[in-house]
Amino acid sequence: MALDSKQDDRTHQFKVVGTRPPRPDGIDKVTGRARFGADMTAPGMLTGRILRSPHPHARITSIDSSEAEALPGVHAVVTRADFAHAVADAATADVLDNCMAGDKALYDGHAVAAVAASSPAIARKALKLIKVDYEPLPHVTDVDAAMQPDAPALHEGRANETVPAGLSPNVVARCAFGHGDIEAGLAQADRIVERTYRTEATHQGYIEPHACLASVGPDGQADLWCCTQGHYMVRNTCAEILGMDQGQLRVTASEIGGGFGGKTTVFLEPVALMLSKKAGRPVKMVMSRSEVLRASGPTASSSVDVRIGMTKEGRITAGFAELRYQGGAYPGSPVDMGAMAAFAPYDLENVKTVGWDVVTNRPKAAAYRAPGAPMAAFAVESAIDELAKGFGLDPLEVRLKNAAREGTRASYGPTYPAIGLEATLRTARDHPHWSAPLGPNQGRGVACGFWFNFGGDTCVTLNITPDGTVTVTEGNPDIGGSRASMSMMAAEELGIPYDKVRTVIADTGTLGQNEVTDGSRVTFAVGLATIEAARAAKREMCRRAAQIWGIEEEAVVWEDGAARPAGPNAGTHPPMSLAEIAAIASNTGGPIAGHHEVNAEGAGVSFATHMVDTEVDPETGAVKILRYTVFQDAGKAVHPDYVEGQFQGGAAQGIGWALNEEYIYGADGVLQNPGFLDYRIPVASDLPMIEPVILEIPNPGHPYGVRGVGETSIVPPLAAIANAVSEAAGVRLTHLPLSPPKVLDALKSK
Amino acid sequence: MSSIHVTTTLNGDPAEFLCEAEETLLDVLRDRLGHTGAKEGCGTGDCGACSVVVDGRLVCACLMLGAEAAGRSIETVEGMAEGDKLHPLQRKFLDHAALQCGICTPGLLVAAKSLLEREPDPDEEQVRYWLAGNLCRCTGYDKIIRAVLDAAAEMREAS
Numbered sequence: 001m002a003l004d005s006k007q008d009d010r011t012h013q014f015k016v017v018g019t020r021p022p023r024p025d026g027i028d029k030v031t032g033r034a035r036f037g038a039d040m041t042a043p044g045m046l047t048g049r050i051l052r053s054p055h056p057h058a059r060i061t062s063i064d065s066s067e068a069e070a071l072p073g074v075h076a077v078v079t080r081a082d083f084a085h086a087v088a089d090a091a092t093a094d095v096l097d098n099c100m101a102g103d104k105a106l107y108d109g110h111a112v113a114a115v116a117a118s119s120p121a122i123a124r125k126a127l128k129l130i131k132v133d134y135e136p137l138p139h140v141t142d143v144d145a146a147m148q149p150d151a152p153a154l155h156e157g158r159a160n161e162t163v164p165a166g167l168s169p170n171v172v173a174r175c176a177f178g179h180g181d182i183e184a185g186l187a188q189a190d191r192i193v194e195r196t197y198r199t200e201a202t203h204q205g206y207i208e209p210h211a212c213l214a215s216v217g218p219d220g221q222a223d224l225w226c227c228t229q230g231h232y233m234v235r236n237t238c239a240e241i242l243g244m245d246q247g248q249l250r251v252t253a254s255e256i257g258g259g260f261g262g263k264t265t266v267f268l269e270p271v272a273l274m275l276s277k278k279a280g281r282p283v284k285m286v287m288s289r290s291e292v293l294r295a296s297g298p299t300a301s302s303s304v305d306v307r308i309g310m311t312k313e314g315r316i317t318a319g320f321a322e323l324r325y326q327g328g329a330y331p332g333s334p335v336d337m338g339a340m341a342a343f344a345p346y347d348l349e350n351v352k353t354v355g356w357d358v359v360t361n362r363p364k365a366a367a368y369r370a371p372g373a374p375m376a377a378f379a380v381e382s383a384i385d386e387l388a389k390g391f392g393l394d395p396l397e398v399r400l401k402n403a404a405r406e407g408t409r410a411s412y413g414p415t416y417p418a419i420g421l422e423a424t425l426r427t428a429r430d431h432p433h434w435s436a437p438l439g440p441n442q443g444r445g446v447a448c449g450f451w452f453n454f455g456g457d458t459c460v461t462l463n464i465t466p467d468g469t470v471t472v473t474e475g476n477p478d479i480g481g482s483r484a485s486m487s488m489m490a491a492e493e494l495g496i497p498y499d500k501v502r503t504v505i506a507d508t509g510t511l512g513q514n515e516v517t518d519g520s521r522v523t524f525a526v527g528l529a530t531i532e533a534a535r536a537a538k539r540e541m542c543r544r545a546a547q548i549w550g551i552e553e554e555a556v557v558w559e560d561g562a563a564r565p566a567g568p569n570a571g572t573h574p575p576m577s578l579a580e581i582a583a584i585a586s587n588t589g590g591p592i593a594g595h596h597e598v599n600a601e602g603a604g605v606s607f608a609t610h611m612v613d614t615e616v617d618p619e620t621g622a623v624k625i626l627r628y629t630v631f632q633d634a635g636k637a638v639h640p641d642y643v644e645g646q647f648q649g650g651a652a653q654g655i656g657w658a659l660n661e662e663y664i665y666g667a668d669g670v671l672q673n674p675g676f677l678d679y680r681i682p683v684a685s686d687l688p689m690i691e692p693v694i695l696e697i698p699n700p701g702h703p704y705g706v707r708g709v710g711e712t713s714i715v716p717p718l719a720a721i722a723n724a725v726s727e728a729a730g731v732r733l734t735h736l737p738l739s740p741p742k743v744l745d746a747l748k749s750k
Numbered sequence: 001m002s003s004i005h006v007t008t009t010l011n012g013d014p015a016e017f018l019c020e021a022e023e024t025l026l027d028v029l030r031d032r033l034g035h036t037g038a039k040e041g042c043g044t045g046d047c048g049a050c051s052v053v054v055d056g057r058l059v060c061a062c063l064m065l066g067a068e069a070a071g072r073s074i075e076t077v078e079g080m081a082e083g084d085k086l087h088p089l090q091r092k093f094l095d096h097a098a099l100q101c102g103i104c105t106p107g108l109l110v111a112a113k114s115l116l117e118r119e120p121d122p123d124e125e126q127v128r129y130w131l132a133g134n135l136c137r138c139t140g141y142d143k144i145i146r147a148v149l150d151a152a153a154e155m156r157e158a159s
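Each protein sequence line maps, in turn, to chains A and B.
Residues in the first sequence are numbered from 1 upward in steps of one, following my numbering.
Residues in the second sequence are numbered from 1 upward in steps of one, following my numbering.
Read the hints as simulated data drawn from the structure, not as lab findings.
Because the structure is a prediction, the values reported are computed rather than measured.
Here a beta-carbon is modelled for each residue, glycine too, at the ideal position from N, C-alpha and C.
So, partial list: chain A residues that the calculated Cβ filter (under 7 angstroms) puts toward chain B:
#1 Val30
#2 Thr31
#3 Gly480
#4 Gly645
#5 Leu687
Listing some non-contacts, in silico: residues in chain B with all C-beta distances to chain A over 10 angstroms:
#6 Ile4
#7 Gly12
#8 Ser114
#9 Asp123
#10 Glu154
#11 Ser159
The shape of chain B in the complex, shown without the other chains (with noise of 0.2 angstroms):
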């Protein structure tokens, strides 16, 4: 078997990786590029935890495979803050509290971040349904919720 030479955009930063032809996105992420911020909880597209963003889509990145990669823009939780300012729904996840152990954190904030730019002002029903393919169990998602509709709030003001 012969690896893959794959050119992409992460976060912003021109990368490229050699893979093999099984490889996922996230385990190319994690392994190859040294991003473990999305996080493998099922490997099957069940939870959420390795949610990304690829050319503007939210993704779970154990469905892709990592050649897809190529010639593509991926945003994961690493590109979220800007230096050392918090995305506002990084800075509302702590100040509500929206995380006990934090492995489904990366991918809430990916999908929460992708919900808000396309509606900016959802209501709880929509939060809720949005992030229904991202599974936390520790929270009960009553903070996590909050937290989102807070940081619309506070976005849409800023804006």
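Just chain A, with the same shape it has in the complex (with noise of 0.2 angstroms):
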């Protein structure tokens, strides 16, 4: 088949792509039908709970379940001994420490044996036979004082290389990245900004608690149905710490309600594989709300020093920060990301960061949305706001001068091709928000946020059926309306209208790999795949009509939905339609499919510039959202509904990061907060509408020029805001959440 040239470049009409269709997911969840994690059932089934440890940081010298299993009605007990079978991965072994603790209960919440019985109150009862002894340790939450050389240390012997000897042992990991000479850059400032900002840890807040059901049969086959962002993964991680092969445990992810990066690994499900093993019947676990924010994986707290010198002029001359993030109870905080993206938005010759990974007594962190940036990026544009309006210059304006283009070597070693960090600013400049009045106690923030964006092992399947309708098969959970971009993608790749496609998340056992739904890349990868699919079935479809007409492959081109003679040499044949290459597609040699299976490289990084708008009460210091604006580039939009959609999440998540959400430990080391009265997020009367401005400069690596978009909303936000309110204020305020007493304290301050 000749490749029709206009269905290969980023510049020809899209007819699908670029719309607004009706997501294929929609009906069942306005209806109630959508069958989400813990709406699963199966016969015989067996409710499963965990037994978490109340203290921060205990040996456990002996677990005596034998009350338990006397219980009728229970059908098993897990504990640590039960996961015999030797984790050779570290990381892996971790989750499975994570999971179900060893030798010492880590952090409060932490899960220290499981049970399985015929009804939740059984259950619930067997869980108080258990006799645990714990021998209290002293503990640590804090990350400044984790790596104090007298703070209580969690393990021995985890620091990798990196780490220089003589400090605490609960400082895990160094990194470091940049260019140019910091004091050489600093001496040609004009003045220069050194503070200390910090942020609280916080949770990704997903509504839908994780759940899972597992099967296991005596013959080692095994499934398992669970909400989750990667059910390769779940799969993967379980099989290595049951002993299984990955090809005998088949994993179905169901719909997934929110994950934000918090379903990227595994909490239950290990355990409920090991219970229904145990037992010999399917078990079903849910967690509650308390056991999401005790014990699953919440993002790091930070505390980040930042020293920047500027010109009178505007133009930065050296930035360096030092970040230190805790992770909780193992190593992988996302200091490292953090440390990559904190300078990521600007063209700068000296430029340097230090990161630090620190383990403490707090549950162990998963990613969350652009993990480790929304925290660097406050640091950072915190001291650049606070620099360009101590010259009286236009924070965008300063921006600008310094913005990171093609060919910009980034803070972080690569360089950059077409990005759109200018054209957001440009935009924002330009739009009606920011000329807007503002009146008393008011203030307005601007802020750039910076992500990578990922690829990775991608499978997508797309069958014809003999009705000439279209189903494409893929492995990624979809968490914000994917199968609606991938059947669009397909329809505009074969020339079919969308409602023509159906898209649907297969099992473990029907792809190969597939990465998670992470790192703002299934539009991206994803939809690559789905088009190289498309793009296969075609070059079929092109074989069979050739082969009907008697003419070579290559005489026939596929345009607007159906094959073509090629050119009038090709003979003057009707085109063949889909449907009609379909129906009789027996006749010509069977079934028709495309399959691509690819690690995605070429994402495309993404930025984004917030502005926002505040109103601080005197008397309470409580902080209004009064407007919100959202500049982003897209790459290319495929269902602009849902690109808008992810920025007004990341927004509204950003705002209650920056305003409200903390996770809060007193001195026992208890988690304090652990439920939504407490843990507050945004609520609808707490926000107002977020705009979003979508701009679109094509990815040169994706077949439209699509970029993922779903994390770089989170990174500006914090910043915005933490300038709006300092504004506001007239004070700066280095220190998140901006709750009311802080902010109280800072005005009193002043």
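Take the two lone chains, each set in its own frame, and fit them into one complex as the hints suggest.
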């Protein structure tokens, strides 16, 4: 087949991509038919429950479960002793230890035992009958305190080779990025800002608690249904932990009620499988909200020192940041990504970041939307704002003056191809929001944000059905409308209507390995594979048409949903539509499908600029968000409604992080606010409309120019809001969240 | 412990079930009556994902006992559409892309319907405050508020 050139460049006129059709899972989700994690059932199903440590740090000296096992209705009790298979990979061994504590409980809420019983009431009763002897140990929950040489140590010997000798064993990794000479750069500055910025740990706050249903047969074959961002990851991790063959464990992803990174690992699944194996019955486990907050994977809290120098004209001469993130009880805080993202929006001669990964007696951090970047951007964008305002310069112009562009060597190493940061800044500057008047006690803030975006392992199969409709089979849980986007890209490529395509998410037995739904990768990578699968199907359909017409394959092209002779030399055969070719496929060689397997590269980085107006109540310190506008480069917005939704949702999560959300630990090391009443995420009456402005600077790495959009939108809000509140309050605020007591204290200290 | 026999009305249909005294209405709807549209997001009345209407009153099903359903009329998201005809709110939620993951959607729809039955012409602030008990983590609420206002306008025109 000669590929139609119009189908292969980023400037061609799209027919489906860029429109706003209904999403295929929509009806199910507005009628209550959609099946989420906790909605699954199986015949003979038992209820699984977990016993959790009340101590932030304790040696487990013994566990006696004999009374629980003797309780009528109890079918299995599981402790760490049941997980006898040696896990070779250190990171996976940590996942196991996080799912079920070994010698020590490392945080309040750490799982120590589990039961499976014939009813929830019996399971609850059984937990109370398990006797655990704890030897409480000193604990530490603050990142800076945990780095002190005399801090209580969680582990020994976990520091990797990057960590200099002589530090607390809680310091487990160091990273550094940058180029140039910081001191030389600072010497050229007219002013230097040097400050420490702190953020508290926040939770992704997905409304659906973790849930799964496991069924293990005596032959070793197992099935698992769960709400996850990546069922292939669940399969691989659980298989390693339980010592099973990956091929014997089939995992099916339910509809997922939010994840934001928090469902990119496992918490319940290995335990449910072990309970099911021991009980010989299916076992369903569902976390309570309190369990979600205490024992799933919030993001890191941070403490960041920044030094930035600027000339009075607004040119940044040097930028330095030292970032300390605690990622809970195991190595793996997102400090490395924070250190890479901190200065990524800027074209700097002298830039350096150093990151420290620190363990504390808190739950093991999981990814949270652009992991590590929002806190880093908060620190850097606050300092840039302070410098710009100190010189009386326009903070948008200062950012434009220093903005990274095509050819800029990024602070973390690579040289950027075409990027959209300047476009977001110029559009922000020209937007009516920027020049709208402000009232008393009000302030306006701006900030930029960056995210890498990922690609990764991806498989798509596209089947042409006998009646000429199309099924796209992919392996990435749809968390915000991606099935619609895949159907749209397949329809675009095949030249058929959107409603002739249905996209389904396959179980792990159906496709090869797929990376999890993370890194803003799905619309980019699965989209790319969908387009390539459609192209493979088109090639096959052209081959069939050539065969029917008795001409060479190369003499057939695919245009407007049909195979056509390429030119007058190919003959005068009337076009054959997809449906016509499909109808006689059995006579021309059999069923027609296209598939594509790839480790997708070229994801294309993403930038945003956010603008926010806030009002500070001088009596109470309460902050109200008055107006919010998001400017972000989407590359190409496949379904603009859901791109806007990502912009708005990221901003709203950032507003919660900036103003209200925080993990609060008392001196006892116990989480004090494990519920939505006290861990308060933004509600409808807290927010204004959030205006999304989509910019489209095509990503050269995708056939349609698509970039991921999901994560960048949470990077600028922390800083944008802090800058706005600092202006409104007349005092620089450096510790999030900007809750009323903190803002009131700052007002009083003026 | 002996089970309690309860007779009730669910989305207009007669229904009966046995439950334990400790079971919530949400447990009963989901585990005994097979109506999993109402979701448990918190179990403490803070998230609204289990919003249902009992005798005309909007409640969190997780805060009411199953046994208390006796003799009452319960409405859930499963009862909103008439046959294959979606309720205007359901249609407008789809038209406005007012859902991403969809876990909060049943509760929001039930709560919004309850609002429009009381106040057919709410302004944005009224919608925001009425829905303040229904958490959504994906959307930032923008498209949800627009969908409710648009559905209200359409319903007013139709009536």
